[in-house]
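First to last, the protein sequences are chains G, V and H. All you need for the working numbering is the position in the first sequence, starting with 1, plus 1. All you need for the working numbering is the position in the second sequence, starting with 1, plus 196. All you need for the working numbering is the position in the third sequence, starting with 1, plus 42.
Hints in this document: simulated from the structure, not taken from any laboratory. One or more hints might be untrue.
[To be verified] With a straight-line Cα cutoff of 30 Å, these simulated DSS-like cross-link-like pairs (lysine-lysine) come out:
| no. | chain 1 | residue 1 | chain 2 | residue 2 |
| --- | --- | --- | --- | --- |
| 1 | V | K338 | V | K283 |
| 2 | H | K239 | H | K252 |
| 3 | V | K338 | G | K164 |
| 4 | G | K115 | G | K94 |
| 5 | V | K384 | V | K338 |
| 6 | G | K115 | V | K384 |
| 7 | G | K164 | V | K318 |
| 8 | G | K115 | G | K164 |
| 9 | H | K158 | H | K252 |
| 10 | G | K115 | V | K318 |
| 11 | H | K158 | H | K239 |
| 12 | V | K318 | V | K549 |
A quick note: this is a predicted structure, and the numbers were derived from the prediction, not measured.
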Amino acid sequence: MTSATADAVGARGTPGVPAGPAHPSEDRRWRQVDVRIRRLGARPDGLIEVLHTLQQLFGYLDDDALAYVSEALGVPPSQVMGVATFYSFFVLKPQGAHTCVVCTGTACYLNGAKAILRALREALGVEVGGTTADASLSLLGARCLGACSQAPAVVLDGEVHGKVLAEEITALVASHA
Amino acid sequence: MPEPDDAPARARHHEPVLPEGPVRATANVCHAAGCLSLGSDLVFDRLCERVEASGTDDVGVRRVGCLGLCAQGPLVKVPEHDRLYAKVPAEPDELDQLVEQFRSGTGGLVVSEDPFFARQVKVVLRHCGSVDPEEVEDYVAKGGYAALRRAVTEMTPEEVVAEVTESGLRGRGGAGYPTGLKWATVAKSGEGGHKYVVCNADEGDPGAFMDRSVLESCPQQVLEGMAIAAYAVGANEGYVYVRAEYPLTVRRLNSAIRQAERAGLLGTAIADTSFSFHLEVRIGAGAFVCGEETALLASIEGRRGTPRPRPPYPAAAGLFGEPTLINNVETFASISAIIERGGRWYAAIGANKSRGTKVFALAGAVERTGLIEVPMGLSLRQIVFEIGGGVPGGHRCKAVQTGGPSGGCIPEELLDMPVDYESLVSAGSIMGSGGMIVMDETTCMVDVARYFMDFCREESCSRCVPCRAGTVQMHRLLDRICSGLATRADLERLERLAAMVQRASLCGLGQGAPSTVFSTLRYFKDEYLAHIDHRTCPAGVCEMAPFEMAGSGR
Amino acid sequence: MSVVTLVIDGHDVAGQSGQSILSVAREHGIAIPTLCHLDGLSEVGACRLCMVEVRGARRPLAACVTEVQEHMEVTTTTDELTDYRRQIIELLFTERNHVCAVCIANRHCELQDLAKALGMTHFDLPALNPSAGVDASHERFGIDHNRCVLCTRCVRVCAEIEGAHTWDVRGRASEARVITDLGTPWGESPTCTSCGKCVQVCPTGALFEKGRAVAEGKERRPYVPFLVARNRRS
Ligand SMILES: Cc1cc2nc3c(=O)[nH]c(=O)nc-3n(C[C@H](O)[C@H](O)[C@H](O)COP(=O)(O)O)c2cc1C
Ligand code: SF4
Ligand code: SF4
Ligand code: FES
Ligand code: FES
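Model the full assembly from the supplied sequences, consistent with the hints where possible.
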């Protein structure tokens, strides 16, 4: 972890609240992390909530971020890493600018999700969970998005596309990638 | 989540149109996930604009939760004329015509005459599609929170538990444990110390979306059920554990909690009594096993979601070691009706040892997919054919899958079986949380078994050996069968392994993992043998590996 | 604490309330196979080898985490239980890479002992052979993940006895591995005190002390209970 400048610490200092560990960088988003940590009482049970906040702010969880949370919440580093890697929602690497989530839940699987995945893998040249070489798009799988009535479902940048066909979605995704 | 807790749950383009005077028609536009994904928010905005532009003052436009026929959205319901309009376009011209139909009560389908709705009995979903999911006032105006008021002002906690016990309600999260009994146990544990009420909204079964629809359509009803439970068991704090895959649910829940607190229906001094109940939302992070109650509690505590051996059960030592009541979304959503109308009324619905109604998410090879609520004891055939409209495309129904990865496939010849906890178990499946997937003859049952094994293998928490390593080996064996590389000895080994994993695993995930194998072997063994002996997939799904490889797979 | 009487394998035995079936059985000289259990550490009930039949129970119960109850009737060995135990051992052998002949723990390995005790001679499930990796960055110790059975004894001894919590488990399903800190090479771990307790408690050759020849094997000292006693005194 890099050590923060005295300035950064001073800027965060709120009277009466013990200062957390030094920020890994001067990025202002760390202050938002601190706010979240303080709201949760800086207790170990807030770990998953804080990881959510971090991922939302930074897009992924790197070692600096995990080390910071470890110190701020008093959770051993190995445990923080254990938690971050247990849950498939957390990612430890930067993701592509766009995300494409293919549902592989039962309804979608029976309705052609396999063919969609195959087409996308071939068109993009990445495996599920991977990001294209130019970092433009990440291909992800999901276990049921709760949109089974639109099976097969694909979520492109947060927007649900229902009853998709392999060719259709590859073309659409290609226009994003 | 860093966004302000009381932010409106959705960037609103338009306020609902609610005329002051008498109304001829109110367009209730579905704003649950299914219809939203089909663009119902745009339909809503445009409808508001068109109605305002037309100058009429007798047509209202509002947002409501799930209207049920999810596959045919965007849906609009006009309750004044008992009509439902499907696949509503967002084109202004077409909308103008539709507004005329709304006013005159023409077009669309007549809800009470339509078989999809006629067979249903709505208890859990009774406000679904009629209240605005984002306005607590609307829920209160429709009688919401009357049950909570009644419980905390007129009933003792013991009376509340007794009412729930009398209703015969059983947990809707899968196992069907009697809810009244669970409440009584938690009420008795831990003398006056801290207790928690937790709502399990993890809904991990692939192909199930009941809990999501309930929470997105009427979140207040679930919160009300939780508050009543808290009063009954003596808890003042609670959590709703929602999966991260449901961002809209999370937003609606957060906003619903803040609104209910402001209205004095949650938080401190509820309904001006000394009872207080504080609720928080916790977001899961993509682990199916966290639906298991001890794993869920570990996850709320910020740890890896690995189940632990029970006893102690959460009722004795749960969250942070304190007595904890855990129930499913639908269980909590059933409570207010039971308190309002009495346990006896509820117990009169249903069949055998399964009382009341059950919500199912009907999906797969069925004409009308969507969200339904039926009395327990209705037959699967009635659900699939009368409500669901049968199998589309001239195909034949082959099986119905219930219970998700721990469930099983019930073959067509058994569809006359009543849907209740015991019947489903005796047919080799389980009620589960309510996912119901219809399969036609284009589905290969061995492939289905492999699919669910793959699911369990990837979702194993890795703690115990039978599940962690056993699911991997079972998946390999199933994969060999699907590729035409297996022998009959492989099939025997699969069965032997499956028996061990079912009996020896620590939690329900591992114990349930082999169940699809067992049920498909019980009813569709010929399909397994066709793959093994003849290297053919009767459904034409599996691709056989080149013959040279046969036998050298080891 | 009150005295509880029960029957194990036909013998009338007595234990304290709150005691596990495993502990009462062992006090009375009745052997039950275990792997994840270690006296002095918390129980996880993970290996499932200690399963026993309890009359009236719907399924076998793990003896290490099941408390004795008055009038309980326990059976520790049946054909079914033996078959399950053999399958579990087979799953462990095929999950990673356990070639005993070249392992430092050969003849000092609990997994090997269990296989022998259960009369196992061959496996018919295919070996999965993942290449799980080796970390030899620590100056005195090393870990060969190919021989790890994920019993988490190292995790527990480090957190519960040494208080360092250097170890934990990362990932899940077949990707699960024990890790030091953030996955930091062991030799660079800022939390490891190099006490060697994890190496001592590892039932296989996964954790080893450097510089010992294969033939010398791993030394075994049942010292965890003494550490527990010492911790309680201080
Ligand atoms: C692997 C596994 C997954 C589960 N998933 C869920 C779930 O998604 N939702 C749920 O309510 N219960 C789920 N359960 C059941 C819960 O453990 C628990 O029984 C339930 O939440 C209790 O609530 P109820 O009595 O209202 O059903 C799951 C159980 C297992 C073993
Ligand atoms: S059965 Fe599976 S999910 Fe459950 S504890 Fe064992 S490994 Fe974990
Ligand atoms: S390294 Fe050894 S002690 Fe640690 S989990 Fe693996 S086998 Fe068990
Ligand atoms: S199975 Fe794909 S959304 Fe449910
Ligand atoms: S010793 Fe009991 S489960 Fe491992």
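Hinted pair, alpha-carbon criterion (30 Å max): H/K239, H/K252. Please report holds or violated. Holds: H/K239 and H/K252 sit about 14 Å apart, inside 30 Å.
Has the given pair, G/K115 with G/K164, been kept, meaning a C-alpha gap of at most 30 Å? Roughly 14 Å separates the two Cα atoms, so the pair holds.
Hinted pair G/K115 and V/K318, Cα distance within 30 Å: violated (36 Å)
Check whether the Cα positions of V/K318 and V/K549 lie no farther apart than 30 Å. It holds: about 20 Å lies between the C-alpha atoms, which stays within 30 Å.
Sort out whether V/K283 lies within 30 Å of V/K338, counting only the CA atoms. holds (28 Å)
Are the Cα atoms of V/K384 and V/K338 separated by 30 Å or less? Measuring from Cα to Cα gives roughly 34 Å; hence the hint is violated.
Verify the proposed pairing of H/K158 with H/K239, using a straight-line Cα cut of 30 Å. This hinted pair holds, its Cα atoms lying about 26 Å apart.
Holds or violated: G/K164 with V/K318, Cα cutoff 30 Å? Holds, at roughly 28 Å.
For the pair we were handed, H/K158 and H/K252, check the Cα-Cα distance against 30 Å. holds (27 Å)
Are the Cα positions of G/K115 and G/K94 separated by 30 Å at most? holds (25 Å)
Distance restraint between G/K115 and V/K384, which requires alpha-carbon spacing of 30 Å or less: This hinted pair is violated, its Cα atoms lying about 50 Å apart.
Are V/K338 and G/K164 close enough, with their CA atoms no more than 30 Å apart? Roughly 36 Å between the alpha carbons, so the hint for V/K338 and G/K164 is violated.
In this structure, the earlier hints numbered 3, 5, 6 and 10 are contradicted, and the remaining ones agree with it.
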